[in-house]
Structure formats: C-alpha cells, structure tokens
Amino acid sequence: MSALIEVTAPAAVEPSRWAWRRFLRHRMGLVGAAMLLVALVVAVFAPLLAPYDPYESARVTILDIYQKPSTAHLLGTDDGGKDVLSSLLYGARVSLIVGFAAAAIALVIGGLVGIVAGYRGGWVGSLLMRITDFFLVIPDLALQIVLVAIIGPSLGTIILVIGALGWTTTARLVRSQTLTVRERKYVMRARAIGAGDAHILRRHILPAVLPLMLANMVLVISLAILSESTLAFLGLGDPTVISWGQMLNFAFGRGAVSAGAWWALLPPGFAIVWVVLGTTLLGTALEDAMNPRLKRHHLEAPGGDVAHDRPVLDAPPPALEVAAPILRVRDLAVEFDSPEGPLRAVDGISFDLRRGETLGLVGESGCGKTTTVLGILRLLPPGGRIVTGQVWFDGEDLLSLDGRALRSFRWTRLSLVFQGAMNALNPVRTIGDQIAEAIRLHAPETSKAEAHRRAGELLERVGIGRRRAREYPHTYSGGMRQRAMIALALACEPDVIIADEPTTALDVMIQAQILELLGGIARDFGMGIILVTHDLGVVAQACDRVVVMYGGGLAEENEAGPLFATPQHPYTQQLLLSFPDVAHPDRPLRGIPGSPPRLDAMPRGCRFAPRCPYVFDRCTVERPPEYPTAAGGRATCFLLDPNEEARR
Amino acid sequence: MSEPLLLVEDLVKEFPGRRSALDWLRRRPARPVRALDGVSFELRAGEVIALVGESGCGKTTTGNLLMGLLPPTAGRVVLDGQEVGRLSGRGLQRLRRSAQMVFQDPYESLNPRMTVGDIVAEPLQVHRVGGSRAGVRERVDAALTSAGMTPVSAYLRRYPFELSGGQRQRVVIAAALALEPSLLIADEPVSMLDVSIRAEILNLLSALARERGIGVVMITHDLSTVAAYADRIAVMYLGRIVEHGPTRQVLAAPRHPYAQALLSVVPVPDPAARRRPVILGGETPDPSRIPSGCRFHPRCPLAFDRCPIVDPPLYTVGPDHHAACLLVENA
Amino acid sequence: MSGRGGYLLRKIGWALVTVLVVVTFNFLLFRVLPGDPAKSGMRDPRLNPAAVETLRARFGLDKEVFLDLDGGGNPLDTQFTAYLGALSRGDLGTSYAFRDQEVADLIGQALVNTLWLVLPSQLLAIVLGSALGLFAAWRRGRPLDLAALTFSLFMWSLPTFFLGIILLVAGANWFGLPTSGRITIGGDFASFWDLAWDVGRHLLLPTLTLTLVLLGEYMLIMRSSVLDVFGEDYILTARAKGLSTYRIIRHHALRNAMLPMVTLIALNLGFTVSGAIQVEAVYSWPGLGALTVSAVADRDYPVLQGAFLLIAVAVVVANLVAELIYGWLDPRVSEG
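Chains as they are written, first to last, in the working numbering: chain A, 1 to 648; chain B, 1 to 331; chain C, 1 to 336.
Because the hints were derived from the structure by calculation, they are not lab data.
Quick caveat: nothing in here was measured; it's all calculated off a predicted structure.
Where a beta carbon is used, it is the ideal one built from N, C-alpha and C, also for glycine.
There may be inaccurate statements among the hints.
[To be verified] Ranges between beta-carbon positions, derived for each pair:
(1) 603/A <-> 82/B: 50 to 56 Å
(2) 131/A <-> 190/C: 53 to 59 Å
(3) 17/C <-> 148/B: 54 to 60 Å
(4) 115/C <-> 448/A: 37 to 43 Å
(5) 310/B <-> 17/C: 48 to 54 Å
(6) 340/A <-> 290/B: 53 to 59 Å
(7) 3/B <-> 197/A: 55 to 61 Å
(8) 197/A <-> 131/C: 45 to 51 Å
(9) 519/A <-> 131/C: 54 to 60 Å
(10) 337/A <-> 17/C: 48 to 54 Å
(11) 313/B <-> 519/A: 34 to 40 Å
(12) 133/B <-> 340/A: 34 to 40 Å
Okay, chain A solo, but in the shape it has when bound (with noise of 0.2 Å):
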C-alpha cells in the first residue's frame, strides 16, 4: 500500500475498539441486520403467522390451482393448491436452518484448515493449501449435484455437503489472518520470551482471527441459502420439507408460466433476494469493519488540490538578488480532511532555492516536510488541500497552473525522487521503458530507439550499465532501484530535482554512493536540489542551506556552516544534541523530552513550546513569527524578539 497516502493519514487507531463503532456508522450494514432479522422472526413464528398449514394434506381439486391471489390466499395457490404465503413462511426455516448449519460446518473446517496451515506452515500447510485449492477449482454446484445425487436428497445430507463444500474461501482468510499476525514482531517477541504455541496461539492468533471469521460466516451463510435454493430448484431438494427453491421448482415445472401464475414464481424468488441480501449486506459491512481498506487513491479529483478562495498575488515579488531563486515558495499552508475537521500539515511556510543550489528540509516525522514538497508539486494526496500561499517558479506560479500547462511544466522543470524507490516504479515495466516514456512525453518529436538510446545513456550516468535498461525493478537492488529513479529524474533535464528522504531503508554505504551520485549532478548539471531527510548527518554532508521544520512550520533556516555552528532556535539546538556524532563518541547525547505534536493536537502557542527548555508564558498563548537571527538566517522563538532580550 502507499507509503506517501499512510504519511498523511490520520494517526493509526486500536482496531478491535473501533470496528464496532465503524460497523454502526455503517448504514448498509444495519439495513442487513433488519433484513436478516425480519427473516428470522419470521422463521421463529412460521406457525403463528401462517394463515395455513402448508405440510397438511387436504383435497385439492382442479379449481384450487393456481388460483388468483385474494382474501382467502393473499399470495394466491399454487400447483397444489396450497397458500403460497403459507408456504412462504414456512420456507423460511429450511433456509435459514441449512444457511446457519452449512455455515457453521464450513466455518469449523475452514477454520481448523485455515489456521493450522497459517500457523504451522511446512509441508502440513502446503499440504492443506493444495487440498484448498483443489476444491476451490471443482466447482461447487456440479460436486453438490453428484454428491447428493448419489447419497440422496435429504435435509442433512444437504446440510453436510453444502457445508463440506463451502470451507474453502473461509480457509483461505484465515490462513492468510493466521500467517500476516505469525509473522508480526509482537508474536516473535512472545516467541522469544518463551511463550509455546498454546499460548501464542490463544492470546495472539484467536483474537485476531475470531472476528475476521464470524464476519466471513455471515458471508457464507448467504452462500449456503443460495446453493440450498439452487438445489432445490434443480430437484435435489429434501422432498419431505418446503423451502423456497422447491416451491419454484414445481411452479416452473409444472405450468405457472403458461398459467400466468405470477404469485406463484416472484414470492419465493424475492424471499431469497431478501434473505441473501439482509445476510450479505451485514457481511460486507462486518468485513469493512474488521478490515477498513484505504478510501482514497492518486487520481481521485486531480487537480482539486487548491482551495478556490486562495488570495491569489498579481506578480512575482521582485527579485533582487544577483542569482535570483529559482524556486520561491511564500507562506505555504496545506490542509487535509478529516471526521473532526480540516486538519493543518503544514502551516505557512517560505523559503527560496537557488539554481545550483542544495537546500535541506529536515525535520521529525509528522513535521510536514514530505507535504510540503508533494503540495509545491501539485501532488497532495486526495483530500489535501493548498489553503494559503504562493509557489514561484522562475517567475511563473504553480498553484495557478492547470490541466495541459500543468502536466508539461511537470518533469521538464521539476522532478522527483522518492523515498522507496520499490514501489515508485512500476513492476511490470522495464526501466528503460519507464525512462523513454518521460523523454518522449515531454519530447514527442525522439525516436523511439532515441529515447531508448538516452535512456540506457542515463543508466550509465547513475552507475547502472545500459544493458539493464530492459530489466524489470524486481531484479534491481534497494540502492540500484534508486539510482535508476534518479535516472529518470534526470531524464527531461530538469531545473530542480526534489529527494524525499533518497537513502531511507538503503544500508550507509549505498547511502553514502546515493548522496555522492546526488552530489556530482548537482554539480555537473547546475541543477537545484531539495533533499528532504530526517538525518542530519546527511544535511550537513550535502546541503548548502538548511530548513528546520517543527510540528508543520518553519522552525529555523540559515546556510548549513552557521546553522550548526550556531543554532538559534531551541529546536534546532535540542535536536544537535541529541544527534550522535561518531567523530565525537565521548559527547554524550541528551533526548527531548516528550515527542512531536500530532496534527490533531497542535500546541495553541509555540509548537515547541511542551519540549522547550526555554519556555515562558508568552509561549503558550503566542505563536512566534520569523525573527531575523543573528548568524544572519530566520527562526520562530520569542527569544530572538528585540522586546525580548532580558531573557536570553
């Protein structure tokens, strides 16, 4: 799943606590249950409600079939001159009995199958996965119709085969459950305490895979009334009881559609549909609560990412300096929605970039630097939004830009580096081919084999020989699947090259070839470079100037000499000292206390203000603006205010 879609997720939240509360939230879910109710009740009090008894013998004489509905027969009569509605309602105990017990068979196989195959692995499980896939290729109706046309139409034998049948999806779930919770670190931890399998197995895997398995068996239950019906309607089912499939399998056979007998086909067909429906709706919403799966993805609503009201500037500021930015972002804000309201991840922040210049954007994760570099992109995630702020780019403004202009001022100009380079290529194209496609997008006038040519050119370039343009990403290793994204970030030789957190998960020494390959371009193309990173080490390596970032704005930024030689902000100070330093190894590092703010919960005052060391009571109500600091660079502290000064 995505990585970058999870970075700006609302923080996780305890899964069992909240599934019920999701559940109830879940309108369709709650529909299902009073279907499923309604049936049962029905079911239950067949007897009481019946204007009939279906499974009394009377005299039925020709004039009794397929009679009209009326007072007397509100649902009307059918081939035997028997009440429908009668019939009906009995029926629905067939259903419901051969659902739940069906589905109860299929969930102790299933479970059992599931779990030991999940748990125990080795050939037992590969044993149990091949019989489960063995049965889950037979299919399912044509094995029904043998078995119970062989061993003979009666309620349990319909009940046992259904069931015997039914496990196979539900083994599947649960052996999938079984194996993602044995393979998480809390079950190795309790492996390494000491703990057997007994107890792994019933404080660690039952409880996550219980209710995973009472939401399945919902689903199965609706199966196993559809396959009751469809036997019956075939004629394989019991003949001594009614249910619903029967009741269409004697009108279908025995003339109501030439008789205009509609009462007799549509009642029993929708009291499946009902009943199918109730079960399946609950199911789907039980699942969606155990398992809530992503609600968002990367086209959702191109192109809606910044909020219409934005104050919009006439012209760029001017720029004075010699070598003029290139790259200017001013007061940046970005949004993203959530249950309880919009919440802020970044929060004005500015600073230019230089050509040929290296610029660090560090901070701790939730510090919003990754957000800020996808909003300068124009690429939040859905549900983000650029509510403030303006973003230059040698004169032109981004946020401005739309649809065509958009899409070729993207990769030309300005192009990207991600972190994990794993799932930012696509597997199942070579890389060659994913780098021809940017040339020749931006370039239609190349050839093919040109764009090929310069592709396999650009491999060279990031240390990748040109033959493994044809590979696919799979074959590539961490690092050279980094280096080839670099590749194709170079590939329409663009102004500004932005690295989000290039070396995270890459072991030091690939690191360390990643940085130097970064560094070189920089240098050999004159290009831009934002290197986003948590690590300081690597800024002080790579970078010019440095951008510290706190609980979504700017906490400090200066010329990379002066900010470590002389921090300002107490952020930027702590953080030093809590940064080892393999140069010095006798210096002895000290932690901030408590940890970064979380979105949902931002400090009033001064982000910093619950961590500082310095705090005053102006922190807590206030929130600083940018200071100009001493070493000639910016902070947010209320100790670089003039006013003041006595506190320093």
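Given the coordinates of chain A, assemble chains B and C onto it according to the supplied hints.
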C-alpha cells in the same frame, strides 16, 4: 577475571538454498546460504557490545542464535554457563528467562489488542513467575518504572496506539525486564524512532547495563548510534567479524579496510568537518557465493595479490583489538 | 528466463496432478458410494449367483479396486487401471437413459453447446465488467460507482435460476423470443443464415442471463483491484512525470490491475459453471449442465460421472490457461 556472561564460539549458521523447478530437473544441487561463518566473541555482565554491519552481514542471525530461536549449524553459545543450542524443555525455558530481546519496530512489536499492563505481564504468565495477582502487579510496576514509564498507573490500562514511538519502545523494554534477564539483545532498537527520542532509549539501555549488570548486545547498521554507548564494537561482513575491539580504538583507528570505509561514510553533523568518504563500489555479495580468500577482497581498495588466496584470521592489533586483514598480519 | 520456465513447469505439473486427483476422485465417488449401477443390479433377487458372477466379471468388479498384490496375476490388473485404460481410449461407458448411446458422444455434443453459451457470456462479462469496474474505481464514491455497487450486490443476491425465470417470462411475453432449446424443432431453414438467426434467437436470453450474473462479480473484482493499483506510489510517479490521467490508466494502471483480475477470474470459474448449469436448466439448453440435471433425474450414472469429469477437467484446464496468461503478464513470476 570473572567468567564471561556470554561466550560465543565459532558460530556457523547455514540456511538451505532455494532450488527452482528447473534446477531440480537439471539435478543441480541447492546452494546453501552461509549466513554466519565462524563468529566468536565474549560478553561480561554489565558490558555493552555492538554488532555493526550492513544488511546480509549476519548480525540479525547472530541475535536469533543467541536467543536460541534458531539452532546453530556448528559452534556454540554459552550463556550463564549453559550451552544454548543444546537446551530443550525446562532448560530452554530457563534460558528464555535470562535472555530477552528488544526488537526494531516498536509499532509492530506490541499486540494492538492488549493493554500495556497485559503486555508487560505476558512474560510473567508464560513462565508462571510472580505468583499471585499482586505479585505479578508488583513486578509489572517495577519493570515499567525501570523503563521510565512513570507514573505507572497512568499507562497500565492504555493501548499501544495511544502511545508515542518512544513510549512503545519503553514498553517493549519493560516487558523484557519483567523477567529480570541477565542478557538483553537489542536489534536496531532505535532505527524506527525519531531522532530526538533515540538518545533517551539508548541512555536507558546503557543505564540498565551499568546499574544492573545486564549484558547488552546491540545489533545495528549505524556506527554513530552506538559510538557513545557500546564498550566494544564488532564489525561484521558477510558472516564474519572482521574487526573487534574497544569502541574508542575502533573508532579512532580502525584497522580493517572495511571498518575504515564504513566509518568514513557515516555522516557527521558538522559541515565544517566534511570528509572524503571511502565509498566502496558495488554491494555486499550474496552469502551463497562467498568470495575466495579474504571475503572482502573484491571490494577492497587496498587488495593485493595474496588476498584472493588467503582467508585471514583475526590478528591482534592492540590491547583486546583484533582485525582480520593480511595488511595487519605482522603488526 | 529459467524462472519463467520453472513457473510454466510448476503450473503444468500442478494441473496434471489436479486432473489425476479429479479422475481418481471421480472413480471412487461412483465406485464406493451406494448407487453403483452394477451393484444395485446384482442385488436383484431374481438373478442367480452365476448370473451375478457373469455381471461382476462384465463390469470388472471381480478385480481389486486399486492394486492386486496377492492375486498372483498382474498387480496392475485392477478396476482402477481398467477405468484409466477406458478413459484413455475415450470410452466413458454407455448411457442408461439413452439406450446404446456412448456417454462420450453425448457429453461431447453437450460440451460444444455449453461452450456456445459460456464463451460469449464470459467474454462479454469480462470486457463489460472490467470497463465498469475501472470506471467505478476511478469515480469512487460518485453516483456511477454507487449505482454499479448496488447493481452487483443485487445481482449477487439474485439466484441465477430466478433471474433466468424472470428474463424468460419477460423475453417470451414482450419480445416473443424462444425460451427453450437450441433450435426451433421441426423448423425448415432455407439457408445457413436462417439457421444462424434461429440459433442466435435461442441463445439471446440464456447468454443475457449468464452475462448479467457474471458481470456484477467481475465488476466488483476489477473495482477493488483498480483501487489497489491507484493507491500505489508508481501512479504518483506517473502523475509527477506529467502523464495525463488517460495515459496513466492505459499505460500504468490497466495491466497491473488485470493481474489480480486474471487470478480471480480463474478462481471464479466454478462460479461460471454453476451459473451455466442453472441457465441451461431454465432454458433447456442442451449443454453439460442440462445433461447433468437430467442424468440425476434418470439416475443415469455413467452420464453423470462422465459429465462431472468433463466439467472438472475443463475448469482445471481453463484455470491453467489463466495462470499462464498471468505468467505472461507479470514479469515477477520468476520470484514466485
């Protein structure tokens, strides 16, 4: 000199290689993966040793062997005078009490359905220690206090999702401490945590070693995080320890070219001290195809004619300081 | 390439094993369970012991079931090997209900008819279902998505045979379409085109029913598969590269989304078969399903056995084809 708490001798671990259906048809044998190829070290009570290396060097496999989670192919692990690999039943149960593990990912290593109190009490229940409810409660309180989760009553009924990353890692440590172990194996204990939190967890671990005499084996890829905390460092490459010595000496004057390169690429938070890193080409080879002679020679900037032929043992290069390189053979 | 070759070998090998298990299972099912025609025939009190022996020998029941180890003769001369031998000659026995008709001929003709029904429906349902699923995922949460979801939920809850009955009544009353069989009995067809027109009219309602039943299922599968792909980071990369939404879907999402779709279509073949059986029963379409149902009614065990074997083997083969398509679509199969 006292008896070491932990003795690791010539540890070898092979995993069976995977064989594709075509290999099977061609009768090509599976190639075993030698994850560990003769690892030896000692650890005294109250000491912190760091096993440092890149992915595929065998550091995590070592941790699993120390815990008795995997049986060794050859060699032995002796903890508190008991040989780990030979134990079964009650002996293994006792071992599990004396060696505890702290995992890398505090977000994953706590069961989201259990409260903090239940999580810390779980090892006590597994081993039936602590006796009565009150006894268990007392031990849980003590463990949480030792891990810095105070006031304890504020956390007992919380679920993991209500805690920050640092607090979760403290809960993991508390659960490990509940059985009062003599050895703690910490596998990348801080790599998933925010920078500002890491120092506190590392300080906690080293305090446990110093004040309670717990031996700590810290497994990590990051030399800088252990620099201030480990007493000794063992640098691993492709299943072997290639350099081993007191932290200060290894950091100040590494002797093995791999250790030198590894140290040179650790980013230092000081732009004024930008160094020329020794960047090795390529990547760590596949442990099923270990190069001949010195296993590092294909990537070594200083390799010479004997390196592809001679597999160097650990030579002594200083007090308690060893390196496996032909260049220090006569040092 | 060796990885892909291995994948191919594994899948073909597994299909062969499955077929063998199906054959054995089929053999045992009709031998061991009560209802074996030869056995029930022999219980007839009017037969003298000698006649019973003759009958036993004729049906090969005097032999051991699997392996004859103490009989002194060829240990492989057993009921099972006799069955396998007959199978390999394409001999499935003789029908009871249709006197002197070879089962193989009966079910061969029925299979052709079933394919005429299943293939167009399957194709139509896959194409329409994929398109609808793609669109629903893209417009997630919008009216079209909700309509599509409601439709497939309802389709899922509607028993196939009931949908068949409804369409049959509607088609016959409002459009005058034929509702039974493959061809107008006693019809006089001047040309091939007249014949094709007649068969086509007969095919219309059954095909429509089966397509509708499969459509909802495929739409749901495609929708969830596309949603997963749209959430992947390489889609974001494609957007960052400046690709239009159309190009992203066409060049980056479609193939990846088809992967799980292919697997699930393969796993759902049993669902298709069950739909076909019901449709054939409602419209008296002379295919395998209708043959199975009538064989049950007639207690025509050789036909039932042969039809079940053919259905199972057909599904295993179709499954294999799907797996091979998967291997061709996904370059990563060498890992699996």
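The hints, checked one at a time:
1. 603/A <-> 82/B: 50 to 56 Å: Once the Cβ atoms are compared, 52 Å apart, the range 50 to 56 Å for residue 82/B and residue 603/A holds.
2. 131/A <-> 190/C: 53 to 59 Å: 56 Å, holds
3. 17/C <-> 148/B: 54 to 60 Å: 58 Å, holds
4. 115/C <-> 448/A: 37 to 43 Å: 41 Å, holds
5. 310/B <-> 17/C: 48 to 54 Å: 51 Å, holds
6. 340/A <-> 290/B: 53 to 59 Å: With a Cβ separation near 56 Å, residue 340/A and residue 290/B satisfy 53 to 59 Å, so the hint holds.
7. 3/B <-> 197/A: 55 to 61 Å: 35 Å, violated
8. 197/A <-> 131/C: 45 to 51 Å: Holds, since residue 197/A and residue 131/C (Cβ atoms, about 48 Å apart) stay within the stated range.
9. 519/A <-> 131/C: 54 to 60 Å: Violated: the Cβ-Cβ distance is about 48 Å, outside 54 to 60 Å.
10. 337/A <-> 17/C: 48 to 54 Å: 52 Å, holds
11. 313/B <-> 519/A: 34 to 40 Å: 39 Å, holds
12. 133/B <-> 340/A: 34 to 40 Å: 39 Å, holds
Against the hints set out earlier in the document, violations occur for numbers 7 and 9.
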